[in-house]
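A.B. asks: The primary structure of each chain is shown beneath.
There are 2 protein chains.
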Amino acid sequence: MEKAQIKETILGMGAHARAAAHALAVLDTDQKNAILHAMAAGLRRYAPDILEANALDLAAGQDRGLSAAMLDRLRLDTTRLEAIAAGVEQVAGLPDPVGEVLADWTRPNDIHFEQIRVPIGVIGIIYESRPNVTSDAAVLCLKSGNATILRGGSEAIHSNRAIATALQAAGEPAGLPAHAIQLIPFTDRESVSVMAGMDQWLDVIIPRGGKGLIETVVSLARMPVIKHYDGICHTYVDKAADLGMAVAIVDDAKTHKPGVCNALETLLVHRDVAAGFLPKIAAVFADKGVVMKGDPHTLEILGEAAIPATDDDWKTEYLDLVIAIKVMDRMADAIDHINTYSSRHSDCIVTADNGRAERFMRRVDSACLFHNVSTRFSDGGEFGFGAEIGISTDKLHARGPMALRELTSYQYRIRGDGQTRTKCATT
Amino acid sequence: MEKAQIKETILGMGAHARAAAHALAVLDTDQKNAILHAMAAGLRRYAPDILEANALDLAAGQDRGLSAAMLDRLRLDTTRLEAIAAGVEQVAGLPDPVGEVLADWTRPNDIHFEQIRVPIGVIGIIYESRPNVTSDAAVLCLKSGNATILRGGSEAIHSNRAIATALQAAGEPAGLPAHAIQLIPFTDRESVSVMAGMDQWLDVIIPRGGKGLIETVVSLARMPVIKHYDGICHTYVDKAADLGMAVAIVDDAKTHKPGVCNALETLLVHRDVAAGFLPKIAAVFADKGVVMKGDPHTLEILGEAAIPATDDDWKTEYLDLVIAIKVMDRMADAIDHINTYSSRHSDCIVTADNGRAERFMRRVDSACLFHNVSTRFSDGGEFGFGAEIGISTDKLHARGPMALRELTSYQYRIRGDGQTRTKCATT
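These protein sequences, in sequence, are chains A and B.
Per the working numbering, the first sequence runs over residues 1 to 427.
Per the working numbering, the second sequence runs over residues 1 to 427.
Think of the hints as simulated: they come from the structure by calculation, not from any bench.
Misleading hints may appear alongside valid ones.
Computed list of lysine to any residue pairs in SDA-like fashion (alpha-carbon distance at most 20 angstroms, straight line) [what the hints assert, rightly or not]:
no., chain 1, residue 1, chain 2, residue 2
1, B, K423, A, G384
2, A, K227, B, R222
3, A, K227, A, N339
4, B, K423, A, A248
5, A, K423, B, T255
6, B, K423, A, M245
7, A, K7, A, M245
8, B, K239, B, D295
9, B, K423, A, P258
10, B, K227, A, L220
11, A, K239, B, R415
12, B, K239, B, V273
13, B, K315, B, D199
14, B, K227, A, R222
15, A, K3, A, T187
16, B, K227, A, V218
17, B, K423, A, G418
18, A, K239, B, D417
19, A, K257, A, D320
20, A, K227, B, F186
21, A, K315, A, D287
22, B, K211, A, G197
23, B, K257, A, A425
24, B, K7, B, G197
25, B, K7, B, R18
26, B, K280, A, G418
27, B, K7, B, G153
28, A, K288, B, K423
29, B, K7, B, F186
30, A, K423, B, M245
31, B, K239, B, R271
32, B, K239, A, G418
33, A, K315, B, D199
34, B, K227, A, Y410
Being a predicted model, the structure only gives us computed values, none of them experimental.
Please take these sequences and the hints and turn them into a complete structure.
C.D. replies: Take a look at the structure:
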């Protein structure tokens with residue numbers, strides 16, 4: 001498609017989304033939930049169309065030589081589609097964040113202030129491969145009163161179009177405003193830069209995918225970007241740790257699901273317990289086929305069970321059965337190491353000394369800090385948020401698990417009886 | 001100065017600021033307040049140096065032909081310097097936002113979650129002309145536990161350097177961490193693009209100044225930007241308005257201080273009260289020399305007292321004794337007009353009908369909505385926030401008056417007794 005045509009199409013979608021956002025902002029909770037239930041039914045009703053579209057994507061993916069893992073991420077079947085529909089119903093059951101009074105107070109001049117949670121407006125989401133994101137992201141945005149413009153990856157374009165069509169077709173008779181959920185129907189790269197430039201229509205852009213995609217969006221975007229970067233997560237086993245607990249937590253954080261962002265990548269061990277702890281965890285890791293890369297002190301203790309780590313290992317998110325290990329002289333060194341190399345996503349201390357745990361938590365600058373809990377709990381569901389759009393590695397607006405509340409803004413509503421600054425100033 | 005040298009200098013300041021931020025984050029409230037009091041004393045002690053530096057800026061400004069208004073904004077004297085020092089003491093008296101528990105809860109698996117307010121980290125501030133910003137911004141960032149890198153305008157460089165030196169020299173013996181407050185000592189344009197690119201060191205950038213400056217920062221920045229754009233503020237006089245109150249509010253909002261962002265720019269009047277209201281406010285405006293620009297309906301009522309408005313008037317922030325006036329057939333039209341042309345800063349409805357006021361407030365997408373109160377109250381001081389860094393026109397992180405709380409982020413601290421996802425998942 002011509003660049004000018006792509007731009008015109010997407011800018012038009014932006015203007016439509018703004019109008020839809022105004023309509024969405026005034027829907028009440030019951031109206032939104034009715035739409036969500038209709039959309040869940042729609043996903044079930046349109047299942048044959050969605051699976052047929054998915055078959056086209058899978059065939060194209062095989063032709064293009066996608067890996068088995070990639071093809072698996074792309075694949076939908078009746079079970080997976082039912083899980084997507086159930087996810088929509090689950091969002092209907094979550095509390096509506098919109099309208100919550102965050103604060104209210106009265107000033108000495110009798111002016112009354114209220115800070116109210118409101119939708120953000122129009123949210124752009126750029127994502128790769130997994131077609132369930134089309135539904136998951138759209139319904140979280142809808143429940144929080146936002147319009148969405150979705151831009152999925154080329155490998156899932158047929159599935160994404162079929163899912164978006166099902167959501168729209170089932171939602172609109174139930175009251176979904178026109179253009180509340182829009183999918184960019186083509187996947188030219190140009191569409192990313194057009195989205196990144198249209199800050200008159202998009203209030204925020206959320207990239208979900210690899211580092212390359214996020215980099216592109218960050219360098220082009222004129223509007224706020226909420227980034228979901230990698231998780232270089234640490235666990236520090238303190239000299240006062242219960243070593244049995246430490247083995248269980250480190251094992252869980254590394255091996256329960258190594259391919260996700262809250263999995264452990266670097267293990268730091270206080271030197272006083274290194275000789276006692278490292279052989280214990282190494283035995284577990286050896287059983288599970290975890291490759292151990294250690295600093296010289298670790299290698300001294302573990303011998304040939306580990307291989308040497310290089311400086312690059314402290315900066316690497318393996319997302320695999322590989323772990324970097326370093327022995328620390330003092331807790332302060334562990335804190336420095338984490339503040340230097342962590343992606344500030346999730347880091348953990350294992351210790352029986354609460355005072356040391358508090359010092360660690362006050363000094364480490366990460367979104368989620370765990371004391372005697374596996375970093376694998378860094379997850380919207382495990383936080384009790386119900387469903388999440390991702391884990392933000394940003395520090396502004398949303399940090400850590402990002403769910404419905406993080407998809408809102410606020411507004412001040414100020415009421416009086418004729419106050420003017422001329423007569424009623426308090427400052 | 002050479003570009004490479006500018007870049008190296010500023011990147012070095014960034015790395016130092018990050019280290020300072022870690023030191024600042026663990027200062028307690030008393031320590032920070034002691035530093036602030038020492039800095040206020042320092043501004044008084046170094047007053048002769050600061051005023052001497054200011055004289056250099058004023059002389060240079062006169063040579064460069066700055067307007068009288070610009071020179072006045074630049075000028076410091078004993079009274080103004082005392083006000084700056086008193087401002088520092090006022091910030092010392094404000095509650096410390098850091099450490100506030102925003103939420104805490106326990107999950108069924110006995111994991112305890114706490115959401116705690118923490119500093120953002122390193123804040124970049126780019127501003128123009130008024131040298132008081134050097135102190136105001138630095139002390140608000142310090143109280144909220146953040147390191148700052150300040151980049152002021154060339155016209156105030158001597159004053160800014162003298163103020164920053166006074167703050168550092170007086171603060172450091174009282175415990176201010178080295179590099180907690182840094183001023184870029186030169187004003188090459190290149191420094192803005194270096195700052196905008198160093199997202200490894202700056203967590204957020206706040207531009208304060210004209211639209212051109214903000215535009216430049218927005219298009220270059222890789223980190224979040226909190227924008228303080230213009231205030232195209234509206235007041236809508238409803239058919240159910242108390243017209244006496246409406247005259248007082250509109251007069252105040254337009255004429256109390258026309259050069260600021262919360263001043264009224266566009267007046268919308270319901271047609272049922274236009275003939276009764278417009279001549280009343282026109283008489284007040286005529287007395288005060290306010291130029292009235294009206295739509296055809298307004299001109300019919302006001303005759304030669306007003307001149308015709310063009311479409312551009314609805315998009316203009318006059319910051320002057322000029323007002324655009326339009327008669328609306330229905331409140332819905334006023335809402336549409338505001339949602340189209342407002343800069344989403346502050347808008348007002350005057351009406352005695354609370355139901356209509358609520359509808360207006362639910363439907364207008366602006367940071368601050370006023371019912372029967374002048375928009376001039378859109379101000380951190382009048383909100384009771386004590387001191388503000390500005391009024392954000394963004395919707396993410398900080399919206400409306402931005403004070404100490406808006407200069408913070410949060411962190412989750414999660415405590416347990418050995419929970420693993422393998423054994424204790426709740427989802």
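A.B. asks: For every hint, state whether the structure bears it out.
C.D. replies: Outcome of the hint check:
| no. | hint | result |
| --- | --- | --- |
| 1 | B:K423 / A:G384 | holds, 17 angstroms |
| 2 | A:K227 / B:R222 | holds, 11 angstroms |
| 3 | A:K227 / A:N339 | holds, 19 angstroms |
| 4 | B:K423 / A:A248 | holds, 10 angstroms |
| 5 | A:K423 / B:T255 | holds, 13 angstroms |
| 6 | B:K423 / A:M245 | holds, 13 angstroms |
| 7 | A:K7 / A:M245 | violated, 56 angstroms |
| 8 | B:K239 / B:D295 | holds, 18 angstroms |
| 9 | B:K423 / A:P258 | holds, 16 angstroms |
| 10 | B:K227 / A:L220 | holds, 17 angstroms |
| 11 | A:K239 / B:R415 | holds, 18 angstroms |
| 12 | B:K239 / B:V273 | holds, 6 angstroms |
| 13 | B:K315 / B:D199 | violated, 33 angstroms |
| 14 | B:K227 / A:R222 | holds, 11 angstroms |
| 15 | A:K3 / A:T187 | holds, 12 angstroms |
| 16 | B:K227 / A:V218 | holds, 17 angstroms |
| 17 | B:K423 / A:G418 | violated, 61 angstroms |
| 18 | A:K239 / B:D417 | holds, 16 angstroms |
| 19 | A:K257 / A:D320 | holds, 9 angstroms |
| 20 | A:K227 / B:F186 | violated, 32 angstroms |
| 21 | A:K315 / A:D287 | violated, 26 angstroms |
| 22 | B:K211 / A:G197 | holds, 17 angstroms |
| 23 | B:K257 / A:A425 | holds, 13 angstroms |
| 24 | B:K7 / B:G197 | holds, 10 angstroms |
| 25 | B:K7 / B:R18 | holds, 17 angstroms |
| 26 | B:K280 / A:G418 | holds, 17 angstroms |
| 27 | B:K7 / B:G153 | holds, 18 angstroms |
| 28 | A:K288 / B:K423 | holds, 18 angstroms |
| 29 | B:K7 / B:F186 | holds, 12 angstroms |
| 30 | A:K423 / B:M245 | holds, 13 angstroms |
| 31 | B:K239 / B:R271 | holds, 7 angstroms |
| 32 | B:K239 / A:G418 | holds, 16 angstroms |
| 33 | A:K315 / B:D199 | holds, 17 angstroms |
| 34 | B:K227 / A:Y410 | holds, 16 angstroms |
In the structure shown, a violation is registered for the earlier hints numbered 7, 13, 17, 20 and 21, in ascending order.
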